[in-house]
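These protein sequence lines map, in sequence, to chains A and B. The first sequence begins at 1 in the working numbering and counts up by one. The second sequence begins at 1 in the working numbering and counts up by one.
Since the hints were derived computationally from the structure, they do not count as laboratory data. Bear in mind that the values here come from a model prediction, so they are computed numbers and not experimental data. Hints may be right or wrong, so weigh each one.
The list treats identical chains as interchangeable, and a pair is accepted whether it falls inside one copy or across any two copies.
[As the list claims (entries may be wrong)] Taking lysine to any residue pairs in the SDA-like style, the calculated list, with each CA pair at most 25 Å apart, reads:
1. Lys123 - Asp110
2. Lys122 - Asn182
3. Lys122 - His181
4. Lys10 - Gln51
5. Lys127 - Glu184
6. Lys123 - Glu184
7. Lys127 - Tyr185
8. Lys123 - Ser183
9. Lys123 - Leu175
10. Lys81 - Ser32
11. Lys122 - Glu184
12. Lys123 - Glu187
13. Lys122 - Leu175
14. Lys213 - Asp137
15. Lys10 - Lys123
16. Lys144 - Gly29
17. Lys30 - Asp101
18. Lys123 - Asn182
19. Lys10 - Asp118
20. Lys213 - Leu136
21. Lys201 - Tyr185
22. Lys144 - Tyr169
23. Lys123 - Asp188
24. Lys201 - Asp154
25. Lys144 - Asn23
26. Lys201 - His181
This is what each chain is made of:
Protein chains: 2
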Amino acid sequence: MRVRNKPWAKDFIKDHSEYIVDNPEQWKGKWSNRFNKNQPIHVEIGTGKGQFIVEMAREHPEINFLGIEIQETVIAIALKKVVASELPNLQMVHTDGAGIDTFFDEHEIDTIYLNFSDPWPKKRHAKRRLTSPKFLDSYKKVLKKDAPIVFKTDNRGLFEYSIITFNNYGMYFDLLSLDLHNSEYIEDNIETEYEHKFSAKGPIYKVIAYFNKNKED
Amino acid sequence: MRVRNKPWAKDFIKDHSEYIVDNPEQWKGKWSNRFNKNQPIHVEIGTGKGQFIVEMAREHPEINFLGIEIQETVIAIALKKVVASELPNLQMVHTDGAGIDTFFDEHEIDTIYLNFSDPWPKKRHAKRRLTSPKFLDSYKKVLKKDAPIVFKTDNRGLFEYSIITFNNYGMYFDLLSLDLHNSEYIEDNIETEYEHKFSAKGPIYKVIAYFNKNKED
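Just chain A, same shape as in the assembly:
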């Protein structure tokens, strides 16, 4: 998602350091200290304008949520929602998802959400896709052994790529939906801003994938 830079963004972020971190390495292994309660941590990489993670945090007070976003104006827009929500179980992280294993301890995270990630459609940019094998290496390090990646997208090419990549990496699929909004799983679905806008134009794809087989077939 590209948005025009907003002049107020930088100051707004500075003024709300109780809800946002821009030095994530310093919190490695200590993320629970950012929250009231010591409870499982779920992370959304590329949290965009924040609708998904704010709703998730509201619905799941038993989980601590971290939203990672690199674009300053975008995370400032999300931060507005976070500040207004006054939720004790929601924090923003202003950084790049690429360094995730530099600012989380091994097995510190209970779930990673990837929602409508940049498809990087050109083949020479495949390594930048958040579902490429190098990213999977880092997710595997920071996720608990029985913890999933939950991935949604409307981009067919990115989903095809990701299913092949997850599968050939040796990950196990639990849920797979090729038309989430016309499936039984829609009941529990929490939408992103983008999803709300684009789900009428074509199918939303979703997969839940694990690095370890924790279920019997």
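Dock chain B against chain A, hints included.
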């Protein structure tokens, strides 16, 4: 596919035993003897009215093709096309796909095609789906080690089920398309009768899956 029984079917099959087999166990390990040349064997399970396999055989004289179909009238319709084609590299097998490992030797086959298989949508019928784990057990036995299953369907539920099943079985994906007819792979695509009729109504899904990892990611 259900079709009304045709009275001519039984006699037509009997009269063309040079193109059709109804005692497949007797050909186990000797399928090459049914053909002019000793060359790789590709098998379509559930060959329906035969358009796919006849066109494949015409385009690939370097491969021997076997079309398996259980319904008498349906295979008789396919057999009409086979007889008319006079192709030396195409044979029909009137039997059920379930017994495939009783009438092929280990590693006798170079490719299995599953095209628009019966989706058996009820969960209690999942074991009847041609992509269920029990079928995969038998395919693995009869396929060569580096040989693929090539699967096409327009049935979303069956494709979701099959991708999860292949994945949890430990298979590797090569090609995956979630909209074959709007993809780069359409050029080489050979349609079935059913596909020709239904591809305008929704996406055709396709995957090529291997039991062994024969490529580097």
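Ascending list of hint numbers which this structure does not respect: Result: hints 1 and 15 break, sorted rising.
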